[in-house]
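Take these sequences, add in the hints, and give me the full structure.
Spelled out, the chains give:
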Amino acid sequence: MTLSAKDKAAVKGFMSKMKSRSEEIGAETLSRMLVVYPQTKSYFAHWPDLAPGSAPVREHGVIFINGVYEAADKIDDLKNGLLTLSELHAFMLRVDPVNFKIFIHCMLVVLAMLFPEDFTPQVHLAVDKFLAQVALALAEKYR
Amino acid sequence: MVEWTDSEREYINIIFSNMDYDDIGPKALARCLIVYPWTQRYFGGFGNLYNADAIMANPMIAAHGTKILHGMDRALKNMDDIKNTYATLSELHSEKLHVDPDNFRLLGDCLTVVIAGKMTVKEFTPDMQAAWRKFLSVVVAALGKQYH
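From first to last, the protein sequence lines are chains A and B. Each residue of the first sequence is one higher than the one before, starting from 1 at the first, in the working numbering. Each residue of the second sequence is one higher than the one before, starting from 1001 at the first, in the working numbering.
One thing to keep in mind: the hints can contain errors.
[Stated by the list, open to error] Computed far set for chain A versus chain B, every beta-carbon distance over 12 Å: (1) S22; (2) Y43; (3) A45; (4) P56; (5) V62; (6) I63; (7) D77; (8) K79; (9) P97; (10) K129; (11) K141.
[Stated by the list, open to error] Stretches of chain B that chain A covers, calculated by requiring three or more beta carbons in the stretch to come under 8 Å of a beta carbon on chain A: (12) 1028-1034; (13) 1106-1113; (14) 1117-1124; (15) 1127-1137.
[Said to hold, decoys possible] Simulated crosslink set (SDA-like; lysine to any residue; CA at most 20 Å straight-line): (16) K101/A <-> D1102/B; (17) K1118/B <-> Q122/A; (18) K1134/B <-> F103/A; (19) K1118/B <-> L125/A; (20) K1122/B <-> A51/A; (21) K6/A <-> N1051/B; (22) K8/A <-> Y1036/B; (23) K1122/B <-> G53/A; (24) K1122/B <-> S20/A; (25) K1118/B <-> D118/A; (26) K101/A <-> R1105/B; (27) K41/A <-> T1125/B; (28) K1134/B <-> S1017/B; (29) K1122/B <-> S54/A; (30) K1096/B <-> K1145/B.
Just so you know, these hints were derived from the structure itself, not from any lab. All residues carry an ideal CB built from backbone N, CA and C; glycine is no exception.
In structure tokens form, the structure reads like this:
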């Protein structure tokens, strides 16, 4: 499911809209993931506060979203562009890749809420394809 | 037996009572066919599915989307026994329609996105989303129950 030129253009266009609300997107996505899929909390047991909108959640939400922007910049070669991030997830964080899909779903739900007019089915398709490729690139170094 | 808390029941009821079936149903099904194009395999007799615009304008798809939502209504009205409520529907999807049960999950995800799109982050709270997700996973499991 390679990204076509049209997909890439749609992703880049939508990312530029997202930048105005990055913090909100990150915080909402992470907050929701921890509540709706409680098993994901297992990766954050060392945080003092896992409640929606808490400081660690907000801070980390920004880190996640910046990672997504970084991936968008490297959209033409995700596998190589995200090697360091992949190594981080594979060797240090050791997040089961099934959770990437969970995070992606939560992000799509948040995008639908924050951008009701812009998150059309066509944009949804392009963003979902892109994020699936990002997840694959992140899992590259796992084994 | 699935246990539902009072707040979960309330959340699910709120979502359904605020839902315009004729709007959400068509949008959810169309989005599923666009975002996951392989799901179109089940809609060969439904006319023009050539591109996103055609899918979104297709009246047969729209009618079917509404029908699906009304089917989910039955789960809402029988929340304490969705498994048995859906026994015949499950058999239908398995024996007659031959739908891969993973598609139920895909449609459920698109339905969640469409429902969320009608609400703000303060309305569709994480707790409401969690209740909705639980409801969907029970529905999906019940629909897959009679497959063999």
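Evaluated hints:
no.: 1; hint: S22; verdict: holds (14 Å)
no.: 2; hint: Y43; verdict: holds (17 Å)
no.: 3; hint: A45; verdict: holds (19 Å)
no.: 4; hint: P56; verdict: holds (16 Å)
no.: 5; hint: V62; verdict: holds (16 Å)
no.: 6; hint: I63; verdict: holds (19 Å)
no.: 7; hint: D77; verdict: holds (25 Å)
no.: 8; hint: K79; verdict: holds (23 Å)
no.: 9; hint: P97; verdict: holds (17 Å)
no.: 10; hint: K129; verdict: violated (9 Å)
no.: 11; hint: K141; verdict: holds (28 Å)
no.: 12; hint: 1028-1034; verdict: holds (count 3)
no.: 13; hint: 1106-1113; verdict: holds (count 3)
no.: 14; hint: 1117-1124; verdict: holds (count 6)
no.: 15; hint: 1127-1137; verdict: holds (count 4)
no.: 16; hint: K101/A <-> D1102/B; verdict: holds (14 Å)
no.: 17; hint: K1118/B <-> Q122/A; verdict: holds (18 Å)
no.: 18; hint: K1134/B <-> F103/A; verdict: holds (17 Å)
no.: 19; hint: K1118/B <-> L125/A; verdict: holds (19 Å)
no.: 20; hint: K1122/B <-> A51/A; verdict: holds (15 Å)
no.: 21; hint: K6/A <-> N1051/B; verdict: holds (14 Å)
no.: 22; hint: K8/A <-> Y1036/B; verdict: holds (18 Å)
no.: 23; hint: K1122/B <-> G53/A; verdict: holds (12 Å)
no.: 24; hint: K1122/B <-> S20/A; verdict: holds (19 Å)
no.: 25; hint: K1118/B <-> D118/A; verdict: holds (13 Å)
no.: 26; hint: K101/A <-> R1105/B; verdict: holds (13 Å)
no.: 27; hint: K41/A <-> T1125/B; verdict: holds (18 Å)
no.: 28; hint: K1134/B <-> S1017/B; verdict: holds (18 Å)
no.: 29; hint: K1122/B <-> S54/A; verdict: holds (15 Å)
no.: 30; hint: K1096/B <-> K1145/B; verdict: holds (15 Å)
In summary, the structure is inconsistent with hint 10 from the numbered list given earlier, while agreeing with all the others.
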